[in-house]
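A.B. asks: Generate coordinates for the entire structure from the input sequences, incorporating the hints supplied.
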Amino acid sequence: MIDEQMAVFIGSGLRLAVPIIFAATGEMLSERAGVLNLSLDGMMLMSAFTAALASWATGSPLIGVAAGVLVATAVAGAQAVLSVTLRANQLVVGIGFNILALGSTTFLYREIFGPLSRDPIPGFAQLNLPWLAHIPVIGSALANQTGLAYVSILMVVVTWLILKYTSFGLAVRAVGEDPRAADKAGISVARTRYLGVLYAGILAGLGGAFMSVADSNTFTENMTKGAGYLAITAVIFGGWNPWYTLAACLLFGFATALQFLVPALQLDVPVALLLLLPYLLALVAIAGFVGKSRQPSALTIPFERGG
Amino acid sequence: MVMKNPKLARVAQGARLEFVPLQVLVPVVATLIALGIGLLIIAATGASVLEAIEAFWDGMAGSDFNIGASINRAISLALVGLGFIFASRANLTNVGGEGQIAMGGMFATAAALHGAGGLPLGLAFIVPLAVGTVAGAVWGGLAGFLKAARGTNEVISTLLLSFIALPLVYWSVESFHLLRKPISDVSSLPESAEIPDTTKLPLLFPDNGSPLHIGLLIAAIAVVVVWLVLKHSTLGLRLRAVGLNTTASRRAGMRTSFYVILAMTVSGGLGGLGGAIMILGQQFYLTSDFSSGYGFDGLVVGLLSRGSAVGVVIGALLFGFLRSGSINMEISAHVPSAVVLICQGLIVIVIAGSAILTNRKVTR
Amino acid sequence: MALLELSGLTKRFGAFIALDDISLLIERGEVHCLLGENGAGKSTLCNLVFGVHRPDGGTMTLGGEPFDPRGPAEALQRGVVMVHQHFSLVPTMSVAENLMLGRASAVLKPQDIMVRMEQLAAEYGLEIDPEARIDELSVGERQRVEIIKCLLGDPQLLVLDEPTAVLQPDEIDALLAICRQVALRGKSVILVTHKLGEISRVADRTTVLRQGRIIETVAMDGADIRSLVRSMVGRDVQSAGSVLAAAVDVEGKTPAKPSDAAGPVSPGEAVLQISDLVYRDPHGVPRLDGLSLTVGTGEIVGIAGVEGNGQTELGLILAGLASPSAGAIVVGGTPVAGCTPQEITDAGVGIVPEDRHAVACIRELSVAENLFLGAIGKFSRFGLLDKSARRKAAEAMMRDFDVRASSPDVSMASLSGGNQQKAVLARELSLDPLVFLLAAQPTRGLDVGAIEAVYNRIRAARDDGLGVLLISSELEELMAVSDRIAVIYRGKLVGELAAGSFSREAIGAMMSGHAHV
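Residue numbers (this note's numbering), protein chains in the order written: chain P, 218 to 524; chain S, 7 to 370; chain C, 960 to 1476.
Hints may be right or wrong, so weigh each one.
Cut-off 30 Å, straight-line C-alpha distance, at most; resulting in silico cross-link-like pairs (DSSO-like, lysine-lysine) [claimed, not checked]:
| id | chain 1 | residue 1 | chain 2 | residue 2 |
| --- | --- | --- | --- | --- |
| 1 | C | 1337 | C | 1351 |
| 2 | S | 237 | C | 1337 |
| 3 | S | 187 | S | 206 |
| 4 | C | 1068 | P | 381 |
| 5 | P | 442 | S | 187 |
| 6 | S | 237 | C | 1351 |
| 7 | C | 1451 | C | 1154 |
For the record, the hints were derived by calculation from the structure and aren't laboratory data.
C.D. replies: Structural data, given as structure tokens:
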């Protein structure tokens, strides 16, 4: 009984962590290049909606994911124009996009699906990998995930490899630490930052699409519920390191999953308090840890060439 | 008055003539662009634009009641907006208006339900207002403290504090031992009981059916005080100095942490007052999502105003009326009110994106 | 045929004309020096050649082909490399990573870089540990990394912008030798400096810039140094006095004692006593390591030293912006170590900090607001500002200290560096009480006229009985103004010279750690 519930808890914790892992991993790379995308939540929400819509219209969740990623990348492109080329305040722009995303997805959802629609949309099946299922306790939780969940871990590895072993990764790190030096070394600060933001957009798009077509097979208004903000906090918590960021995402995922476990175990803890737990953890994390791990020196600071 | 002459002299010199129009033009153009796009979207849905506008107008200002309701909304927005510009004078961005409203509203409800109702001499509503203000101030001040003590970015912390405040309100209205009304009532929705009549804000025009209440006077006083403090007081100058250059301000003997915390506390307090006024002035009972959207609206008002208290008043009225209109538009013309959110998002983005025009740096 | 040809280059920043109709040839295999005062346009010229800025008029050719770089990347492609005044290395990355930055290859290849580094070490004697992090290296070592980075790609033209300002004397010698080596291999070198001593040791030809224009280009064999100085400052150096000589560092000319006929008041009781001051940075590295120093009333004590030996930290601690790890500081009987800036001000300490923009003033605020930044409450009633009273007081102060601005209400940013510094001096010297003044790098980036004004103010303060501590990286400045010079090396004072016994050689030796007490 307890074992079964633990398995459900771990399974749902992982599922809830996946969108945050996607978004946080992309965001980490973008922040290493010096751009903070507070619009992450908006990118995810737009992607979740678009993926649901495209999957519903074509019957193919794969097309849904592609459409979602495309839209999130477009938002990222707009964010990049504003924060890199126009040197706008990255945080304020991000909030603007989040309001816009909330408004437009809510609007379109009501226009297209009507206010009360809860029809399931075509989604991915779980893979049921037998060789994983044999691991005790966590085995079934690990095995019963959709393919996208495994992709999220793959993206962490890919991002780590990019940062550590490629010229682009070196450029990203240089641009985020000291854009003036990078510029003088012949690196295009703007191009590197654009690519960083677009990378964050692609991954946020995958995370958003996961929510609608892989996890819940439906779209609900404001369904990200601040997952993008959690992802940003996970990056801070993880000290701009891909593996620690992954750990922070898992922590947030499990903290969110507690709201299912606690009532199932018939513990007398108000669900409302469990709802705020991940955010409280995030707040404690950034208040306690941000000073100790150095953030990229040029984070949120626009670059302007000067003498 | 002493301070008037130099100001006149400066205007006469035309020292700012080049500067003022862009500062005003950008928000106006941004608003117009956004409203235009909003209309296009309405047209694109196939709804009759005329019908939508009519429903919109009706909701905004179709009757004394609607006008009063719109202004009542504007009052809370103005307070959140004032809070935003107060913090931004110290170069702090308080985006946690929603959480501060929520805390203010929740604690004001608690005060009104538990004890304040029997107080004499208007204290019945003054005490809950004060309690709400303090609750918001604590919520904002917490972000200020984290900034001063730990260097935590206030944009992130105020956002997270909002995400923490909202479940707290939900918790308070779904727990019988907190604020939830007894189950014996007809409905059993998770909401608080109605606050006592004595704690409701007195109406300004009780005879003509307008819901306009004395929150208007409170907001007017707040506008004047914030304007005086930011533009003409030693405190305003110190906040500005700390915001522009912390190290130089410290060297000049200012306790910079104190001013960071103070700015966020006052900012949050204004938001809390706005939340308290929402409950005591028009809603009268607490629901879990009573603050929904007001934080963003207040933030946009603050951004639009470009740091000017007068700008806050204009922006708050604009959004107060827009919100009333959009609700009616959804009900009578079946156009989703989310279109207003789209407009707001566009306004924020356009204004932020045009900062390159208004804050052009002097090279060398 | 010349390697680089500039014709009619013009560059404006807003209304300010930084370069005006510059035409110049740089030959292959020559070391070409650009000489000029601060603000003459030397750095701007380099930045045009390197593509950091683009000219508003005129053309360039490189190797006979048109040359119009839209950014450093394009300049690098054409074989133009530059070592900047401020290093362009990413401090948190390793030497090898910095060297790989901007090289074309998708995947990083550290081995290739190591091989090339060994070649350069053999060719020019440029050796450095590829694994070391930049922020662990000394200034001289960082510059070596910069030069290696430049030479990696086998460039045609090496541009060095004021490379010697941060170096110790022996490091300067090594650098100048490398310049000759590079030129010997057929490449060209542009060396920017305002020090004549270096020019005569390394240059083939020298071009003098003043106020954005070329005054003359001369071949160095048989050139008259005196005439170069005249071209550079626009007047005769003898008639202008020792200040100018100090500012341009004329070879072999040690300026006489300052021309104050009255002479310094003989130093009285101690106003500042620092004993065994220790400061460790956040990484635990000791930046000040048991420094002790006394400054008496009516004397100017200079602190000489290569930058990065603890001067900055000493300045921050005296200003109350950093807390010492150990040790005591007493000003006029009041212990102030670890006190707040306000407490230090109350003890009678005026501070002209090293970083004017970050610490001394708030550029966006008005001149009047900056003049009374520490006394905002002085002009107020019931918490509201009395702006007209403040303006009157500010106008009086600006008159007294010759701060030139159209009004006290204009922003500090609109003032020239010299006027900003005069405003800072005005504020700090108007403090009451005032017994001690710290002036850290007080003339950095200022023009000659403002430098003289600053020197006069500091001397006048001394004559009024203040104790003054002058921290400067300009040896000539210290020798011209100080009554006594102490030399700082690795966070400690390693020697001291009394007025009349100043010698460049002795101080230089102490600065580079060859203690000589």
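A.B. asks: Compare the structure with each hint and give your call.
C.D. replies: Going through the hints against the structure:
Using a Cα cut-off of 30 Å, the hinted pair residue 1337(C) and residue 1351(C) holds, with the two alpha carbons roughly 13 Å apart. For the hint pairing residue 237(S) with residue 1337(C), the CA-to-CA distance comes to about 17 Å; that is within 30 Å, so the pair holds. Proximity of residue 187(S) to residue 206(S) is assessed by CA-CA distance (about 18 Å); at most 30 Å being required, the pair is judged to hold. Of the pairs offered as hints, the one joining residue 1068(C) and residue 381(P) holds, with about 12 Å between alpha carbons and a cut-off of 30 Å not exceeded.
The hinted pair formed by residue 442(P) and residue 187(S) meets the criterion: a straight-line CA distance of about 27 Å does not exceed 30 Å. Note on residue 237(S) and residue 1351(C): the hinted pairing holds, with a Cα-Cα distance of about 20 Å set against a maximum of 30 Å. About 28 Å separates the Cα atoms of residue 1451(C) and residue 1154(C), which keeps this hinted pair within 30 Å; it holds.
In summary, the structure agrees with every hint in the numbered list given earlier.
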